[in-house]
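Asks: Quick note, the sequences are listed as chains Z and L, same order. Here the first sequence is numbered in the UniProt record's numbering, starting from 1 and rising by one per residue. Here the second sequence is numbered in the UniProt record's numbering, starting from 1 and rising by one per residue.
No lab work stands behind these hints: they were computed from the structure. It is possible that part of the hints are untrue.
Derived list of chain L stretches under chain Z, where covered just means 3 residues or more per stretch with a C-beta under 8 angstroms from a C-beta of chain Z [unchecked claim]:
| id | segment |
| --- | --- |
| 1 | 7–21 |
| 2 | 187–201 |
| 3 | 267–278 |
| 4 | 296–309 |
| 5 | 343–349 |
With a straight-line Cα cutoff of 20 angstroms, these simulated DMTMM-like cross-link-like pairs (lysine to aspartate or glutamate) come out [said to hold, decoys possible]:
| id | chain 1 | residue 1 | chain 2 | residue 2 |
| --- | --- | --- | --- | --- |
| 6 | Z | K241 | L | D113 |
| 7 | Z | K155 | Z | E174 |
| 8 | Z | K212 | Z | D292 |
| 9 | L | K208 | L | E294 |
| 10 | L | K267 | Z | D292 |
| 11 | L | K98 | Z | E316 |
| 12 | Z | K288 | L | E64 |
| 13 | Z | K288 | L | D94 |
| 14 | L | K35 | L | E294 |
| 15 | L | K204 | L | E220 |
| 16 | L | K169 | L | E183 |
| 17 | L | K42 | Z | E286 |
| 18 | Z | K242 | L | E233 |
| 19 | Z | K242 | L | D105 |
| 20 | L | K42 | L | D113 |
| 21 | L | K356 | L | D105 |
| 22 | Z | K238 | L | E220 |
| 23 | Z | K241 | L | D165 |
| 24 | L | K357 | L | D165 |
| 25 | L | K149 | L | D105 |
| 26 | Z | K237 | L | E239 |
| 27 | Z | K288 | L | E25 |
| 28 | L | K208 | L | E183 |
| 29 | Z | K238 | L | E233 |
| 30 | Z | K241 | L | E220 |
| 31 | Z | K212 | Z | E111 |
| 32 | Z | K237 | Z | E316 |
| 33 | Z | K241 | Z | E174 |
| 34 | Z | K241 | L | E86 |
| 35 | Z | K242 | L | E197 |
| 36 | Z | K242 | L | E90 |
| 37 | L | K177 | L | D165 |
| 38 | L | K360 | L | E197 |
| 39 | Z | K238 | L | E90 |
| 40 | Z | K288 | L | E46 |
All C-beta atoms in this analysis are idealised placements derived from N, C-alpha and C, irrespective of residue type, glycine included.
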Amino acid sequence: MRIGIPRALLYYNYYPFWKIFFESLGHEVVLSSPTNKKILKDGLESTVDDACLPVKVFHGHVIDLINTVDAVFIPRIISVESGEFICPKFLGLPDMIRNSVAGLPRIIDCELSLYRNKTGFMEHAIRVGRLLGNSTQEALRAYLLASSKYNSYKKFRVKNGRLPIDEGDKSFFEVTAPDYSKYKDGSFKFNVLVLGHPYNIYDRYVSMNLIKKLQDFGAKIITPEIIPERNISAGAKKLNKKLFWTLGKNILGSAYYYMDNCKLDGIVHVASFGCGPDSLVGELLERKVSRDYSLPFLYLNLDEHAGEEGFNTRLEAFVDILERRRCGESNVSSHG
Amino acid sequence: MKVTFPHMGNLYIPVKTFFENLGVEVIVPPPCSKKTLELGVKYSPEFACLPLKINIGNFIEALEMGADTIVMAGGIGPCRFGYYSEVQREILRDLGYKFNMIVLDPPQGHFMDLVKKLLAITNKKSFRQISLAGRLAWAKALLLDELDKMASAIRPVELNRGETDAIYKNALEQISKAESEQELLGVRREILERMAEIKKDPDKLPVKIGLVGEIYTVLEPFVNLFVERQLGELGAAVERSIYITEWVRENLLPSFLKPKEHGQVLKLAEPYIRCFVGGHGQESIAQIVKYSREGFDGVIHLLPFTCMPEIVAKSTIPSVARIHSIPVMTLVLDEHSAEAGVRTRLEAFVDLIRQKKEEKSCDRVLSGN
Ligand code: SF4
Ligand code: SF4
Numbered sequence: 001m002r003i004g005i006p007r008a009l010l011y012y013n014y015y016p017f018w019k020i021f022f023e024s025l026g027h028e029v030v031l032s033s034p035t036n037k038k039i040l041k042d043g044l045e046s047t048v049d050d051a052c053l054p055v056k057v058f059h060g061h062v063i064d065l066i067n068t069v070d071a072v073f074i075p076r077i078i079s080v081e082s083g084e085f086i087c088p089k090f091l092g093l094p095d096m097i098r099n100s101v102a103g104l105p106r107i108i109d110c111e112l113s114l115y116r117n118k119t120g121f122m123e124h125a126i127r128v129g130r131l132l133g134n135s136t137q138e139a140l141r142a143y144l145l146a147s148s149k150y151n152s153y154k155k156f157r158v159k160n161g162r163l164p165i166d167e168g169d170k171s172f173f174e175v176t177a178p179d180y181s182k183y184k185d186g187s188f189k190f191n192v193l194v195l196g197h198p199y200n201i202y203d204r205y206v207s208m209n210l211i212k213k214l215q216d217f218g219a220k221i222i223t224p225e226i227i228p229e230r231n232i233s234a235g236a237k238k239l240n241k242k243l244f245w246t247l248g249k250n251i252l253g254s255a256y257y258y259m260d261n262c263k264l265d266g267i268v269h270v271a272s273f274g275c276g277p278d279s280l281v282g283e284l285l286e287r288k289v290s291r292d293y294s295l296p297f298l299y300l301n302l303d304e305h306a307g308e309e310g311f312n313t314r315l316e317a318f319v320d321i322l323e324r325r326r327c328g329e330s331n332v333s334s335h336g
Numbered sequence: 001m002k003v004t005f006p007h008m009g010n011l012y013i014p015v016k017t018f019f020e021n022l023g024v025e026v027i028v029p030p031p032c033s034k035k036t037l038e039l040g041v042k043y044s045p046e047f048a049c050l051p052l053k054i055n056i057g058n059f060i061e062a063l064e065m066g067a068d069t070i071v072m073a074g075g076i077g078p079c080r081f082g083y084y085s086e087v088q089r090e091i092l093r094d095l096g097y098k099f100n101m102i103v104l105d106p107p108q109g110h111f112m113d114l115v116k117k118l119l120a121i122t123n124k125k126s127f128r129q130i131s132l133a134g135r136l137a138w139a140k141a142l143l144l145d146e147l148d149k150m151a152s153a154i155r156p157v158e159l160n161r162g163e164t165d166a167i168y169k170n171a172l173e174q175i176s177k178a179e180s181e182q183e184l185l186g187v188r189r190e191i192l193e194r195m196a197e198i199k200k201d202p203d204k205l206p207v208k209i210g211l212v213g214e215i216y217t218v219l220e221p222f223v224n225l226f227v228e229r230q231l232g233e234l235g236a237a238v239e240r241s242i243y244i245t246e247w248v249r250e251n252l253l254p255s256f257l258k259p260k261e262h263g264q265v266l267k268l269a270e271p272y273i274r275c276f277v278g279g280h281g282q283e284s285i286a287q288i289v290k291y292s293r294e295g296f297d298g299v300i301h302l303l304p305f306t307c308m309p310e311i312v313a314k315s316t317i318p319s320v321a322r323i324h325s326i327p328v329m330t331l332v333l334d335e336h337s338a339e340a341g342v343r344t345r346l347e348a349f350v351d352l353i354r355q356k357k358e359e360k361s362c363d364r365v366l367s368g369n
């Protein structure tokens with residue numbers, strides 16, 4: 001069977017797992033094209049207008065797959081970590097798609113919940129496998145293979161600071177060269193923490209190539225995806241109340257950990273228009289940074305109308321501040 | 001200690017009764033107003049959902065009046081409500097207010113936790129005293145819901161416009177003042193009598209509209225631009241999908257006290273939204289189906305701008321409305337919504353469903369022949 005995976009939302013987190021899993025069950029995996037103008041337009045037209053940008057983009061990716069696959073994989077993702085959620089829209093994603101997109105092929109929408117269930121991922125994989133006509137045993141074997149490879153991929157990613165960002169038409173998973181190969185150690189001018197949901201910061205089109213642009217300015221990019229989980233948890237412990245959104249927790253956990261323990265020159269927070277969790281997480285972050293730390297902070301709100309020029313201007317202004325601070329520091333040290 | 005809490009419809013009446021009967025001084029924020037909204041909008045994150053902003057307005061107004069303790073409901077997700085308190089505390093702190101915030105997280109297995117927090121607020125009154133105070137508050141909440149239902153049934157057929165609302169306003173005061181369950185019974189009797197005396201216009205045939213959507217916007221008239229009253233004036237009898245007693249049951253009481261019908265109603269949403277999506281998203285859809293089955297003429301769906309669960313609901317509404325042939329109008333509310341603008345849309349909607357209803361009854365007469 002040809003199974004379509006939309007190159008959007010949690011694609012940036014779980015694609016390696018799903019790809020290996022489906023292929024080892026003998027299916028073919030088809031990715032939607034990297035986000036482009038048409039995908040965005042299709043998404044905007046088919047989604048209720050007050051939905052957030054990433055959900056609209058996701059709709060566009062599903063439409064992109066319609067005539068090329070036998071089934072689209074749109075799991076109902078309730079929870080990927082114990083006691084946490086992603087967001088209400090993930091809970092209702094298959095429902096939204098079914099009711100807004102016409103001419104859909106079959107949809108595989110099995111539930112994934114690790115809310116109260118450590119083996120939730122395995123059970124999810126087995127349900128998916130069975131739905132595709134595989135036996136429990138086959139599915140289990142595929143799960144074990146996929147999860148061991150996925151785990152080593154994640155380790156590799158963290159160890160090498162390898163960001164899950166697509167290269168051209170290739171998925172991030174197929175690109176093996178480390179991102180930083182062209183920079184020598186010590187050639188970075190600043191350490192910048194880029195915080196945001198993976199589907200915002202790694203989607204080149206939606207993020208207007210933010211990461212590449214920052215790298216070209218000489219920034220070493222740090223994101224939650226390359227920070228060890230234990231550090232994120234340590235950072236998140238500083239919150240007054242457990243944050244029940246996994247992606248928000250990754251953002252605040254990373255920030256709170258890094259600000260206290262690592263050398264950091266600036267923070268970029270990428271939110272998307274219409275995002276519920278971002279509105280609160282961003283507020284907490286911004287207040288904390290401005291109250292307790294004197295770090296340059298850039299807030300970017302991605303929306304479908306944003307022009308690239310204004311975006312670039314703001315980015316340059318931010319980098320200017322970083323530059324000035326860098327010079328200021330070296331002056332201090334050379335005189336002191 | 002002077003306790004305050006955010007407004008949500010008439011909830012302030014039972015809450016005030018509850019705390020006062022435990023000897024706690026209460027500062028009720030002034031009723032939600034334009035000023036509340038302005039304060040809230042000014043100090044809250046731009047893209048936060050509207051209830052958070054209005055809460056902030058309530059808090060600021062109450063803190064200015066001398067309140068020093070905020071009691072706020074909490075939550076464990078997936079929706080933003082569960083994290084409101086954290087953001088609100090930071091905002092108020094940065095504004096320089098000194099206060100203590102007590103967050104009542106839903107007692108899913110932590111009912112004792114709730115009781116402990118209440119004991120702390122109320123200066124270690126006994127559990128018995130708490131439950132006694134709770135009883136009167138609960139009786140008031142029940143009566144308030146009954147009052148709301150009565151008023152919205154009579155409003156569309158009253159002969160003299162405004163009569164129902166005058167009685168309603170007076171009733172709120174009486175309920176608020178009542179000091180015992182005994183007294184409350186008397187108040188209830190009186191309200192029933194006065195409501196029964198309202199002169200009705202026999203020529204007015206009300207249409208029936210159900211009100212569904214995000215909980216807070218359904219319950220707080222200021223935020224929904226007094227949609228119930230407006231619809232009443234346009235000749236529509238309105239039934240809400242949620243009343244305050246249900247909110248209290250859902251958010252503050254242990255799950256064994258929750259009504260059982262709930263699960264069955266939710267089943268109606270399954271063809272469209274198969275599982276819980278936070279807040280009342282799934283409920284909204286289930287209620288639309290239910291209203292359609294019960295012969296309602298239309299439904300109004302309310303949500304604050306960017307409300308996540310209701311956006312999921314909204315995207316399935318066109319199918320639901322088509323399949324169950326019931327007109328549904330969605331009203332997205334934010335700080336820029338204005339009563340006048342919405343009025344025109346409501347008028348058009350009521351006209352539409354009235355027309356539909358007449359066509360239907362024509363059909364029935366014809367086929368009857
Ligand atoms: S977390 Fe935010 S951006 Fe992601 S789906 Fe939810 S509302 Fe949209
Ligand atoms: S249900 Fe809607 S209004 Fe309420 S917290 Fe969630 S997003 Fe905000």
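Asks: Next step is simple, just say for each hint if it's right about the structure.
Replies: Status of the hints after comparison with the structure:
For a cut-off of 8 angstroms, the count of residues in the segment 7–21 of chain L with a CB near a CB of chain Z stands at 0, and the three-residue condition is violated. With 0 residues having a beta carbon nearer than 8 angstroms to a beta carbon of chain Z, the segment 187–201 of chain L misses the requirement of three or more and the stated coverage is violated. With 7 residues having a beta carbon nearer than 8 angstroms to a beta carbon of chain Z, the segment 267–278 of chain L meets the requirement of three or more and the stated coverage holds. With 5 residues carrying a beta carbon less than 8 angstroms from a beta carbon of chain Z, the segment 296–309 of chain L meets the three-residue requirement, and the given coverage holds.
Proximity of the segment 343–349 of chain L to chain Z, defined as three or more residues with a beta carbon under 8 angstroms from a beta carbon of that chain, is not established by the 0 residues found. Using a Cα cut-off of 20 angstroms, the hinted pair K241 of chain Z and D113 of chain L holds, with the two alpha carbons roughly 15 angstroms apart. Taking the CA atoms of K155 of chain Z and E174 of chain Z, the gap is about 16 angstroms. The hint holds against a cut of 20 angstroms. Annotation: proposed proximity of K212 of chain Z to D292 of chain Z is violated, straight-line Cα distance about 29 angstroms (limit 20 angstroms).
A C-alpha spacing of about 10 angstroms is found between K208 of chain L and E294 of chain L, which places the hinted pair at or below 20 angstroms, so the restraint holds. This hinted pair does not check out: K267 of chain L and D292 of chain Z have alpha carbons roughly 49 angstroms apart, beyond 20 angstroms. Between K98 of chain L and E316 of chain Z, the direct Cα distance comes to roughly 40 angstroms. Violation of the 20 angstroms bound is thereby established for this hinted pair. With a CA separation close to 25 angstroms, the supplied pair K288 of chain Z and E64 of chain L exceeds the 20 angstroms bound.
Restraint check for K288 of chain Z and D94 of chain L: the C-alpha separation of about 10 angstroms stays at or below 20 angstroms, so the hint holds. The straight-line distance between the Cα atoms of K35 of chain L and E294 of chain L is roughly 40 angstroms, outside the 20 angstroms bound, and the hint therefore fails. About 28 angstroms separates the Cα atoms of K204 of chain L and E220 of chain L, which puts this hinted pair outside 20 angstroms; it is violated. Restraint check: the Cα-Cα separation between K169 of chain L and E183 of chain L comes to about 18 angstroms, which is no more than 20 angstroms; the hinted pair holds.
For the suggested pair K42 of chain L and E286 of chain Z, the alpha carbons sit about 16 angstroms apart, so the restraint of at most 20 angstroms is met. With a C-alpha separation of about 46 angstroms, the suggested pairing of K242 of chain Z with E233 of chain L is violated against the 20 angstroms cut-off. For a cut-off of 20 angstroms, the pair hint linking K242 of chain Z to D105 of chain L stands: about 12 angstroms separates their Cα positions. Taking the CA atoms of K42 of chain L and D113 of chain L, the gap is near 34 angstroms; set against the 20 angstroms cutoff, the hint is violated.
At most 20 angstroms may separate the alpha-carbon atoms for a hinted pair to count; K356 of chain L and D105 of chain L exceed this at roughly 45 angstroms. Our distance criterion of 20 angstroms between C-alpha atoms is broken by K238 of chain Z and E220 of chain L, whose separation comes to about 35 angstroms. Distance hint between K241 of chain Z and D165 of chain L is unfulfilled; the C-alpha atoms sit about 43 angstroms from each other, more than 20 angstroms. Annotation: proposed proximity of K357 of chain L to D165 of chain L is violated, straight-line Cα distance about 27 angstroms (limit 20 angstroms).
In summary, the hint linking K149 of chain L to D105 of chain L is not supported, as the alpha carbons are separated by about 29 angstroms, beyond the 20 angstroms threshold. About 45 angstroms separates the Cα atoms of K237 of chain Z and E239 of chain L, which puts this hinted pair outside 20 angstroms; it is violated. With a C-alpha separation of about 33 angstroms, the suggested pairing of K288 of chain Z with E25 of chain L is violated against the 20 angstroms cut-off. Distance hint between K208 of chain L and E183 of chain L is unfulfilled; the C-alpha atoms sit about 34 angstroms from each other, more than 20 angstroms.
Restraint check for K238 of chain Z and E233 of chain L: not satisfied, since their Cα atoms lie roughly 52 angstroms apart, outside the 20 angstroms limit. Taking the CA atoms of K241 of chain Z and E220 of chain L, the gap is about 27 angstroms. The hint is violated against a cut of 20 angstroms. Straight-line distance between C-alpha atoms of K212 of chain Z and E111 of chain Z comes to about 35 angstroms, which puts the hinted pair past the 20 angstroms bound. The suggested pairing of K237 of chain Z with E316 of chain Z is violated, with an alpha-carbon distance near 34 angstroms, which exceeds 20 angstroms.
A hinted pair counts as satisfied when its Cα atoms are at most 20 angstroms apart, and K241 of chain Z with E174 of chain Z does not qualify at roughly 39 angstroms. With a C-alpha separation of about 7 angstroms, the suggested pair K241 of chain Z and E86 of chain L falls inside the 20 angstroms cut-off, and the hint holds. Between K242 of chain Z and E197 of chain L the CA atoms are separated by roughly 54 angstroms; this puts the pair beyond 20 angstroms, and the hint is violated. For the proposed pair K242 of chain Z and E90 of chain L, the alpha carbon gap of about 15 angstroms is at most 20 angstroms, so the pair holds.
The suggested pairing of K177 of chain L with D165 of chain L holds, with an alpha-carbon distance near 19 angstroms, which does not exceed 20 angstroms. Distance check on the hinted pair: K360 of chain L and E197 of chain L sit about 32 angstroms apart at the alpha-carbon level, beyond 20 angstroms; violated. Among the hinted pairs, K238 of chain Z with E90 of chain L is consistent with the structure: their alpha-carbon atoms are about 14 angstroms apart, no more than 20 angstroms. For the proposed pair K288 of chain Z and E46 of chain L, the alpha carbon gap of about 17 angstroms is at most 20 angstroms, so the pair holds.
In terms of the numbered hints stated before, the structure departs from hints 1, 2, 5, 8, 10, 11, 12, 14, 15, 18, 20, 21, 22, 23, 24, 25, 26, 27, 28, 29, 30, 31, 32, 33, 35 and 38, listed from lowest to highest.
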